[in-house]
Amino acid sequence: MSNLQSNLIQINAFFFKIWLITKKRVFHLFEILFWPAIGLVSVGLLTRFLHLGSNMVAFILIGVIALSIVQIGQLDISYVILYSIWNKSLKQELAAPVNVFHLIAGSWLMGIIHSLLVLFLLSVFSTYAFGFRFLQQGLLPIAWFFCGLLFTSAAVGIFVCALAFRFGGRAHVGANSIVSVMILLSGIYYPVEVLPAPLRIVSACIPVTYFLEYFRSFYGFPIGTANHSLLIGYALALLYVMAATATLLAAVRNSRKSGILLKMSE
Amino acid sequence: MPQTAIQLQGIHKTYPGKGSSPSVHALRGIDLEVDPGAVFCILGPNGAGKTTLISILAGLLYLDEGSGYVCGLEISGNRRRIRELVNFASGHSNLPDNFTVDETLNYFGMLYGLAKKKRLKKTNYLAEFFELSEYRKIPFNQLSTGLKQRLALAKSLINDPRILFLDEPTIGLDPKVSLLIRERLQKLNQDRQTTIILTTHQMDEAEQMSDRIGFLKDGRFIRIASAADLKRSVQFQERITISGRNMGAALDRLQGIAGVSCTVLNEQQISCRMDSRERRLHLILQALLQAGAMIEDIAIAQATLGDVFVKLAEQSDPD
Chain A
1 MSNLQSNLIQ INAFFFKIWL ITKKRVFHLF EILFWPAIGL VSVGLLTRFL
51 HLGSNMVAFI LIGVIALSIV QIGQLDISYV ILYSIWNKSL KQELAAPVNV
101 FHLIAGSWLM GIIHSLLVLF LLSVFSTYAF GFRFLQQGLL PIAWFFCGLL
151 FTSAAVGIFV CALAFRFGGR AHVGANSIVS VMILLSGIYY PVEVLPAPLR
201 IVSACIPVTY FLEYFRSFYG FPIGTANHSL LIGYALALLY VMAATATLLA
251 AVRNSRKSGI LLKMSE
Chain B
1 MPQTAIQLQG IHKTYPGKGS SPSVHALRGI DLEVDPGAVF CILGPNGAGK
51 TTLISILAGL LYLDEGSGYV CGLEISGNRR RIRELVNFAS GHSNLPDNFT
101 VDETLNYFGM LYGLAKKKRL KKTNYLAEFF ELSEYRKIPF NQLSTGLKQR
151 LALAKSLIND PRILFLDEPT IGLDPKVSLL IRERLQKLNQ DRQTTIILTT
201 HQMDEAEQMS DRIGFLKDGR FIRIASAADL KRSVQFQERI TISGRNMGAA
251 LDRLQGIAGV SCTVLNEQQI SCRMDSRERR LHLILQALLQ AGAMIEDIAI
301 AQATLGDVFV KLAEQSDPD
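Quick note, the sequences are listed as chains A and B, same order.
For what it's worth, my numbering labels the leading residue of the first sequence as 1, then goes sequentially.
For what it's worth, my numbering labels the leading residue of the second sequence as 1, then goes sequentially.
The shape of chain A in the complex, shown without the other chains (with noise of 0.2 Å):
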């Protein structure tokens, strides 16, 4: 067998792991379907309840399905490694000749699967509950919008792999205070116009700003950064994956080398 077929493989054995995590632990399906669908309903009721203009309600409507992409895009990633930490099976696992690159890859085709299932299920429920049709705007803009969404979900999920070697099951938390982070900064709700000065610096520095600026150009909402949000946002994310590899590498090998890899699997 060649030496691609069998990197295939060991790409597929984590995807084969999330896909029966997610077959069989009903609180992960629960993550991927219901947090979404009630995020999306509540600030729909919201807008309502608000008389807000059919271009606000698609401002924030954007905001909610790119926060979920981001959301459920990381989770599965990060659940490749926690998932094994909460089970104490990690250095079962790593004993095996797997690499990084084989659970990255894994997981994030299935976490692009999930987000895929998502993106759709949220597009058709907004369209029929609150008058939104996010799939207006045709396949290219949704591509670019959603593929830049799913790396910095990698960046955010890879992260938190990276986490876990240091913080274990705990780090989970590392998860939610990212998106939380996300949330406020991003401008998921509101533009970052409205933030303070500082914090617009910290903004700029998020992906996921430029992502919404981008289509939510498309809804008559002005685009700043020149131009040039898409790639920004794709230099920004990319630059994130690279770090959260590089970061979950130097922790891999340390938990080698500092016995954390055995104490985990206690």
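Every clue listed holds true.
To be clear about the criterion: a stretch of chain B counts as covered by chain A if any three or more of its residues have a C-beta under 8 Å from a C-beta of chain A, and this derived list gives those stretches: (1) 52-60; (2) 77-84; (3) 102-114.
Simulated from the structure, these hints should not be mistaken for lab results.
Even for Gly, the Cβ is constructed at its ideal location relative to N, Cα and C.
Chain B: place on chain A using the hints.
Below, chain B without anything else, positioned relative to chain A:
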């Protein structure tokens, strides 16, 4: 390239301290050679460094100093390749909680890069080999301790390892399951010439399974030999257990006899290890009678590996 399965020279490992806890120098210069197809057992008291050593060899832990070869490959530069060729199972193994037996073996087969056909074949074979066939659809967390351990061992054979590392594989298992596991491992060793490196606290298991035993203490091998040679090397060749009344009274006198080491088990029993029955037995009995003990029963046994363990564990640190 060495022809040995394992060759180690001067291996050191220190776990860094954390907060107020100091660093731990777990291995202090390990030298070892194990031939292909051998069964080598590592004995030693808790904290001796057994798990650390096995973890380094299995690629789970990096060494700090020293050099070594596993399957002819230099450890530090070939970690991934070595992990392809070896496998690992420990007592109280934890595997993904709600994966069934089949799913677990399939998942680990994938982690080792096995194609679907081969995974299926291996899963069938291992389920049968470890008598797991009727539990294949049961999740790991619903299996008994013995079945979990059998699954952990089945998992450790998924890649046909050249070297199998077993860290207390029968700990906490009932004698019947322990026996089954030992039989299976011996069969594996005989049929496939798989090298087995084993740690255990069960002396009968060490004696029954291994070609050679290494006694590890404070991070160093202080003796490596066959079980028979180790027993021959013990100064106290026999052990006498005397039951009766007022046994403790004679302890001082007994301690004064050269070649004898006694422990009062309770007021009715005393146990003495002696280097020669011919020269020491009558002295022991004499001392007991003179101290006013009433002897009711005497049992004499040959030195066991357990005696070797106690003796070596009691030896003072060479430093």
